[in-house]
Structures are given as structure tokens and as C-alpha cells.
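Residue numbers (this note's numbering), protein chains in the order written: chain R, 435 to 755; chain D, 147 to 479; chain X, 269 to 565.
FYI, nobody ran anything at the bench for these hints, they're computed from the structure.
Any given hint could turn out to be false.
Facing chain R, from chain D, some residues (calculated, C-beta under 10 Å) [said to hold, decoys possible]:
1) G236
2) S248
3) L347
4) Q348
Residues from chain X that face chain R, not an exhaustive set, calculated with beta carbons under 7 Å [what the hints assert, rightly or not]:
5) L411
6) A419
7) F526
8) F541
Computed from a predicted structure; not experimentally measured.
Think of the CB as a built atom: it goes at the ideal place given N, C-alpha and C, for glycine as much as any other residue.
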Amino acid sequence: MFGVVLIAFVLTRVIPSDPAAQWVGQRATSEQIEAASIELGLDKPLYVQLGKYLADLFKGDLGRSLRSHQPVSAELKAYLPATVELVLVSTIVAIFLGIPLGVVSAKRKDQLVDHVSRFFSVGAVSLPTFWVGMFLQLIFYRWLELLPLGDQLSMGIKLTCEIPHITGFLIFDSLITGDLVVFKDALAHIILPGITVALYPIGLVARMTRSALLEILDEDYIRAARSYGLPERMVLWSYAIKNSLGPTATVVTLSIGYTLVNTFLVEAIFSWPGIGSYISSAVISLDYPAIMGVTIFSACAYVVLNLIADVIIALDPRVRV
Amino acid sequence: MSGYFEVKNLKVDFKTFEGQKNVLDIDSLALDKGETFGIVGESGAGKTVLALTILLLLSAPPAVIRSGSINLDGENLLQKTEKEMQKIRGRNISMIFQDPMSTLNPVFTVGEQIIRVFKNNKRITRKDAQKEALRMIETVKLPDAANIMAKYPHELSGGQRQRIVIAIALSCGSEFLIADEPTRNLDVTIQAGILKLVAELQKELGVTVLFIANNLGLVSAICSRVAILHEGRIVETGKVKEVLKDPRHPYTLTLLNAIPRDKGEKVNLDNIVFKDSENANEKGCRYYYRCPEKKDLCRDTEPVCRLIAGTHTVACHMAFKGGEAGGKQHTEG
Amino acid sequence: MTKNLGLINSIKPRIKEIRLSLYLLGRNRLTRLSLVVVILLILIALVAPYIVPYPEHIETETNPEDKLLLPSGDYFFGTDELGRDVFSRVLYGTRISLQTALVAVGLALLIGIPLGAIAGATGGIVDEIIMRITDIFLSFPPLLLAIAIAAFLGPSLENAMLAIAVSWWPWYTRLIRGQAVSIRERQFVKAARAIGTPPMKIVFGHIVPNCIAPVIVQASMDIGGVILTIASLSFLGLGAQPPTPEWGLMVSTSRNYFLNAWWYSIFPGLAIFVTVLVFNLLGDGLREILDPKTRKI
Numbered sequence: 435m436f437g438v439v440l441i442a443f444v445l446t447r448v449i450p451s452d453p454a455a456q457w458v459g460q461r462a463t464s465e466q467i468e469a470a471s472i473e474l475g476l477d478k479p480l481y482v483q484l485g486k487y488l489a490d491l492f493k494g495d496l497g498r499s500l501r502s503h504q505p506v507s508a509e510l511k512a513y514l515p516a517t518v519e520l521v522l523v524s525t526i527v528a529i530f531l532g533i534p535l536g537v538v539s540a541k542r543k544d545q546l547v548d549h550v551s552r553f554f555s556v557g558a559v560s561l562p563t564f565w566v567g568m569f570l571q572l573i574f575y576r577w578l579e580l581l582p583l584g585d586q587l588s589m590g591i592k593l594t595c596e597i598p599h600i601t602g603f604l605i606f607d608s609l610i611t612g613d614l615v616v617f618k619d620a621l622a623h624i625i626l627p628g629i630t631v632a633l634y635p636i637g638l639v640a641r642m643t644r645s646a647l648l649e650i651l652d653e654d655y656i657r658a659a660r661s662y663g664l665p666e667r668m669v670l671w672s673y674a675i676k677n678s679l680g681p682t683a684t685v686v687t688l689s690i691g692y693t694l695v696n697t698f699l700v701e702a703i704f705s706w707p708g709i710g711s712y713i714s715s716a717v718i719s720l721d722y723p724a725i726m727g728v729t730i731f732s733a734c735a736y737v738v739l740n741l742i743a744d745v746i747i748a749l750d751p752r753v754r755v
Numbered sequence: 147m148s149g150y151f152e153v154k155n156l157k158v159d160f161k162t163f164e165g166q167k168n169v170l171d172i173d174s175l176a177l178d179k180g181e182t183f184g185i186v187g188e189s190g191a192g193k194t195v196l197a198l199t200i201l202l203l204l205s206a207p208p209a210v211i212r213s214g215s216i217n218l219d220g221e222n223l224l225q226k227t228e229k230e231m232q233k234i235r236g237r238n239i240s241m242i243f244q245d246p247m248s249t250l251n252p253v254f255t256v257g258e259q260i261i262r263v264f265k266n267n268k269r270i271t272r273k274d275a276q277k278e279a280l281r282m283i284e285t286v287k288l289p290d291a292a293n294i295m296a297k298y299p300h301e302l303s304g305g306q307r308q309r310i311v312i313a314i315a316l317s318c319g320s321e322f323l324i325a326d327e328p329t330r331n332l333d334v335t336i337q338a339g340i341l342k343l344v345a346e347l348q349k350e351l352g353v354t355v356l357f358i359a360n361n362l363g364l365v366s367a368i369c370s371r372v373a374i375l376h377e378g379r380i381v382e383t384g385k386v387k388e389v390l391k392d393p394r395h396p397y398t399l400t401l402l403n404a405i406p407r408d409k410g411e412k413v414n415l416d417n418i419v420f421k422d423s424e425n426a427n428e429k430g431c432r433y434y435y436r437c438p439e440k441k442d443l444c445r446d447t448e449p450v451c452r453l454i455a456g457t458h459t460v461a462c463h464m465a466f467k468g469g470e471a472g473g474k475q476h477t478e479g
Numbered sequence: 269m270t271k272n273l274g275l276i277n278s279i280k281p282r283i284k285e286i287r288l289s290l291y292l293l294g295r296n297r298l299t300r301l302s303l304v305v306v307i308l309l310i311l312i313a314l315v316a317p318y319i320v321p322y323p324e325h326i327e328t329e330t331n332p333e334d335k336l337l338l339p340s341g342d343y344f345f346g347t348d349e350l351g352r353d354v355f356s357r358v359l360y361g362t363r364i365s366l367q368t369a370l371v372a373v374g375l376a377l378l379i380g381i382p383l384g385a386i387a388g389a390t391g392g393i394v395d396e397i398i399m400r401i402t403d404i405f406l407s408f409p410p411l412l413l414a415i416a417i418a419a420f421l422g423p424s425l426e427n428a429m430l431a432i433a434v435s436w437w438p439w440y441t442r443l444i445r446g447q448a449v450s451i452r453e454r455q456f457v458k459a460a461r462a463i464g465t466p467p468m469k470i471v472f473g474h475i476v477p478n479c480i481a482p483v484i485v486q487a488s489m490d491i492g493g494v495i496l497t498i499a500s501l502s503f504l505g506l507g508a509q510p511p512t513p514e515w516g517l518m519v520s521t522s523r524n525y526f527l528n529a530w531w532y533s534i535f536p537g538l539a540i541f542v543t544v545l546v547f548n549l550l551g552d553g554l555r556e557i558l559d560p561k562t563r564k565i
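Extracted from the complex, chain R is given alone in its bound form:
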């Protein structure tokens, strides 16, 4: 974890650019830049800067954005729920579509179903996410006029309705407060970005489930289970699936990592107000603290996810001993 911060920090500091100039804006005098430089502690040696950054980090302080002068952590907090909502929805979709797809594919290996599903899953991981997003917009917004173009809610609803705010997840909040108008609108808005983001993990999960299951289905205990006359349903969905839990958990974690970053691209297209949009604009204006904040946050999330996967794998009785 320390290494992650270190790399991110070194990256920002070796780059030949002047954060101080960014801080004060374009038409600043050299004295102003000088003053900003001192204010940001840029005049101190590098290791002092690093020490200060780390100390702040421990307090949950990611520094201030060069554009808005607001604390990065506060801005992240504001943008985060929308992204988490999107990641969550697409991961759930990926699990409930990807795993069965992989299972069916493994079960009917080398049959038509398998070929179709393999083609689909390889296709899903080969699609440029951003392009799919635009493609879907073209079809469902422009041609079929069924679904909205982007954002989390329609303009009209944003202005006229009171937006519930409890967990920060719009769909969830509107549902528990019983606000059906907002809920319906939010649902319509999440469909397209949701599908777009979900495609990649569906493909990934399906592929991994298939290859893990193929190995397991060849095991003696599967053959034995069949020889005892156990129904195929039980052999496949209980005996085999439970054994493939480890690899599946790993791949779901990995796919959440991918999804998180893919969301950045998709959010840009659907103007989804999440950290993806945040980092996109930060990239354009070279807002280093913001980029670093997002990077460090994502890496942390990824490390936590990997830990969770390890815990799930440790549930396997073979490992437990």
C-alpha cells in the first residue's frame, strides 16, 4: 500500500510541470506563483513533501484540488456513490449472467451453445467500452427514442422533485423512500451505462467459470457423484459449482477492478456524475492531487477487494486446515 502511494507521488513530482502555476490560474504573476509554491510546500525538498503527504494521508487528507481548491477527499465523497452504484449494478449483473453462461458452456462443451457463448464472452471482453456506450445511445436514444442520453436523472425531475439522499445510491434511496417517480427515472438512466459497464465482466466471469468448471467436471468425484445416480442438476450446480468458488471469487474481484476503471470511460460518455467524470476533467486540467486521489483510492479499493477474495477462498475447507 505504501508502495502505491510512493509510485503515485513520485509520478506527480518528476513530471516537468508547475502545480503552483495551476493553483493560481493562468494569468498569474511570477510573485503569485512563488507565493503559491510556498503555500503548497513545493519549495521544500522532495522527501519533506512526501512525509507531509503521507502524514496527511493518514488523517484521510488527500490534499486540495488545483482547480476548485476544495479538499480532494470531500470531492471524492460527493462523486463516489454514483460510481459505486454503477459498479455494483454491473457486477451483480455479471455474476448472475456470467456464471450461468460459463456453466452452460462447460456443460455443453464443443456444442453449439458453447461456441455461441464463447464467442459472446470473448466478444464482450474485446469490445471498446466507450464505443459500446455511444452505440447504445445511438440506438436507444436517437433511433428508438426509448431511453435517456445520459446523466443520473432527467433535468425536469432534478428541478421539480426532491431527491432523497440517505445512502447516496439513488436507485436504492428512491426505492426505500417510495419515491416512484424518481426511482423510475433513475432506473431508466442506469440501464444503458449499466449494460455497457457489465459487458466486460460478464465475458470475463463466463470465460473463467467455463475453464474452471471444465477442469472440475473431469474430476473423479464428479464421475463418482454421477455413478451414485445423483441428478445432473445437483452434480453441476452444487457439487461442481462449490468447488469452483475459489477461481470464481478471484475473477469476480479482478473484474470489479476492471469495471471500476471501465466506469471512468463510460461515465465520460453518459455524463454520469461519478469519480470517472471527476478524473476525466482532472486529466484534462492536469489537476494532480485529484488524479492522485482517485488513483490511490482505486488502488485501495482494489487491495481491499483482493483481501475479500482471499477470505472467500479461505472458506474452502481444503485451505482451512
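Start from chain R and add chains D and X according to the hints.
Relative to chain R, chains D and X alone:
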């Protein structure tokens, strides 16, 4: 004899990229109800393939069943659909697999695995199944059944595991049991225990057992009749006494000579020639390259099974030339 | 005589191996098809500058009077906002994508192989340090590190390649280290050490050549993913800059027009999809053929 269980003219091939290779070619094999029949052969002879073919559990590809019939109680198993077969498995035939470690599902407790089999094959409630499972574990002579039920396979010893595998196979309640080298990975004392157990259970429950082994000694202990399998073919068959007393096929002899019989006697290793997959004789006798008695005839013509005496049949050209081909060496040794 | 025999015997299983691989390749129709398309794409990339109908449209020339035209006999894929032929640009983009992907993977290999080999061959503290660094890199979500590095380096195609290489090498390091560790204990390495061969020569003369095969296979499978990553970076404005006809960049610029000019964004995107797809299919097929676990006859 029209048997309870009958295999006729069975041919099984494995498809590889170098072409089809025949792995099983059995003209006839019949079992009477209630008997224990032994199948003996070295590894690679096709014993397990035979067992899996009976259950229709061979993975295809690469396996292809080319022809033949397998009758159980007058019904041809090879004509069953997968669905019908699923009902026959467990209910009519079940199998004890050879490697207990890989046969037990590693992520379920052994109790759970037995209970599921009971529930499925007897259509009883979970509670009843639990009781039955406890009784079954006691039946296979494992102490402290309740404790064992809650354990995962890797927490048990090899002998315990093998008993569990037998318990599960018995839990199906079928009348025909295939035991595929159930003592293969166990040391000698435990081996004897398992053998005794199988023999006792067979008598108690009156099931028919097809006992597969790589060792004539094991078979002679519990079987009434035996068939010697070599390269997918039955080369000699008969009552255990007939075969042991008067082995006619040179391969049977090798198998017999590999067992130390008398105290202090050294095993004669001279006649044991190892299998060489490069030099397989496809046209004539499969044993040609390893046979000490080979003649030109053996290279080109495949010997067929012929009756020698009683129920004793042998597939060897040399077995009839005065009976000396086999018997001589054996009596000397 | 005996020496020759030994040689023949050592080659024999290899020949069988190759024959088996070819046989499996021939049997898998999807893999075969993707191989053909990949070869076709490489050919297109090689000859693109000579076969495109409007070579002058690739970079700078504009003809505003022909802007945003529907696909027609003159312009197969229509024209963009500057009146340039989309077909020519997409075709030329093949060259750019394949080139950058190759360079990026090559760079990653150049970093990854020596580090992995040294780590695996020397062991001890060196191994520990190198692998810790690798772990740090691997603890970033994929693509994120590339985005961050590209953002910091400043947007250009070269920097995007560099960013991908920097975020990609740890995979190869890890792979080759595992191989090297097992080879280190082999007789010929010990023999080389015994006769006093310098350590660097052992690493690059004996260890690397013997564990490079799986890494090369892995790298060729990664090409698809790298192409996709480059396109993504370009789409974010972190890769190729206008007027380069890079697919991701083309999709990105088309964003302002695509609701009315679908062809402008569809075709470059389709090109990315097809290219990545065939590379992935080929990689998948190769993995299945070469992996002893899955190579069922």
C-alpha cells in the same frame, strides 16, 4: 449360462490424433446373481474403462463405444438415454472408485455426501437420511460415526476414506456393485480389512460384485470366478481354482509369478517383460512381444477364447499344444 | 553415431508435439479463422499507405465541402467533419494500432524479462526487492496505472505506449521468474556456474533462452488487450493526438457528431472490436492448444 449381467461383443475405442486405438474388446463376460467375479490385469489393461463403460460414464470424446451390448437383468444399458441411465446408476448399479481421495468431493463433509445419496435414491426425508447415513458408517466398521460425519475428506485417513467411499456406494442400495481396485492405495493390513469388509457385505446384502484388481492374490481371496484382462481382451477366464491351479496363458503366469507364495521364496522376475507402447502388435496376439513362447502364428493371427476344461477358457495358440505352454513353468516354480 | 541417435531421439517428441499442435489448430475452426484474419490485418497494416483510396486524407488534407457524407461508392465508410474519407483513415489505423501495440508489448518484455530472469536466477534479497516492486505495480487495478502514467507524462501516442509498457511489465516479470526459479536448479546451469561463467552470462545465455517461450506466447495473447488499452487512452485524450488516424481518437472526436453521423463512430469502433476480437480468439485458441491441461484430444 444366461447371466444376470452380461457383456457381449463390446468394443471401445479411444480417438487420438494419430487415429483410433482399440482399448476394450470383450467377446463375452457373464456374471450370475450374487456372485463375486474378479477382473485382473495390469494398469492400462482397460479395467477402469470397462467399469466406466458399464455405467456409461466414459468421457466421450475421446472414448467411442463401437459396438456390443451390456445387459443387466435383460435390459441393454447401451441403448438407454442419459436420463434413463441416471436412474439406473445408483439404483441398479453403483461403483466403488479406486482413489478415495479424488472420489470424495473435497468441499462437502462426508456425512453430507452420504446423506445426499440416501435422500436421492430412497426418497426419504433429510432426518431419516441422516439416521441411515449414521448406520451405514457403522456398517463399514468405522467407529465414532457421528464425529466422522462432520469431517471433510482430507481430515480422514486413507483407510477411513476408502470405507466412506464404500459406504456411499452401498448407500445407493443397488444389487450390482462394481469395485474398482478398492484397495489400490492402501497398505497391506488395511487392504486385508477392506477385502474382508467387501466379502462380508457381499454375503450380508447378497449383492453381485464385479471386483477389479491388479493382483491375482486379492481376487483369489474373495472371488468365485475370475477373468484375466490384457490390453482390453479377456485372455483367460474360469473358476478361481481352475485358473490358479492350471494357468494356461503366459500372461496369467507372469501375474502369478509376481506374487511371492512360499515363505523365503524369491519372486522370479526374469520372465516379466514390461509393456512397450511403441511395439504394440495390432494384428495378432497382443501379448506377442512380451511372450516367451511366441511363434510366427501368434504374430499374424489373433487367438480366440477356447474352452479347456470345465468353465476354463483361454485365448492362446500355445495353450493346447499339450498344455505345456503355461503349466510347465508354473509347476517348476 | 550414438550422438546422432541421441539428437534424433530428443527431437522426436518435439516433432510429435508440433504435429499435435497443428492437428488441434486444424480442428478448431474458430481459431483457424481468427488466424487468417490476423494475418490479413497484418498485411493490411503493411500495405495500408499504398492501397487506401485517399492517402492524402490520412493526416492533414481537408475538404470541407464533402464533410459528414453518408457512406457511398466514393466514400465506403462516409466522411468525417473535415471531409476526410473514413475508410482510408480506418484502414490506415490498422497500421498504427498494430505498430503501437507491438512496441508497447516489446517494451514491457524488455523491462520484464531481464528483471524476472535476474530475480529468479539470483534469489535472495535481489529477488525479494524486485518481486516487492512487482507486487506494488500489480496492486493497481489494470488500466488505471496506465491512465495515471499517461496523464502525468502528457498526452501523446509515444507516452501512451510507454505508460502501457510501464504498467504491463510486472506480469511478464512474474511469469518469467517462476520459470527461472525452476531452471536455476537444473544441471546445465549448475555446470555453467561450476566452470566459472559470469552470473550475467548465465542469466542471459542459459536461463533466459530456456524460459522465454511461455512469455512470448503470453505476450502475443496480450496484443488484443493492449490494442484496446491504447484505444481507450486515446479516447480519453491521453494517447494519439489529431490528426493521427488512431481508432480510439476517431471515436473520441466523433462524439460530437455521432448522433447525426453514425458512420463516423461506428466504423472505427468496429475496427477496434474486430481486431481485438480476432487477437483474443487466437490467443484463447492458442492457450487451449498449448496448455497441456486443456489439450484434450
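Against the structure, the hints:
1. G236: It holds, given that the least Cβ distance between G236 of chain D and chain R is near 2 Å, below 10 Å.
2. S248: holds, 4 Å
3. L347: violated, 17 Å
4. Q348: violated, 18 Å
5. L411: holds, 4 Å
6. A419: The hint holds - A419 of chain X has a Cβ within 7 Å of chain R, the shortest such distance being about 5 Å.
7. F526: Given a least distance of 6 Å, the restraint on F526 of chain X holds.
8. F541: holds, 6 Å
Checked against the numbered hints given earlier, the structure breaks hints 3, 4 and satisfies all the rest.
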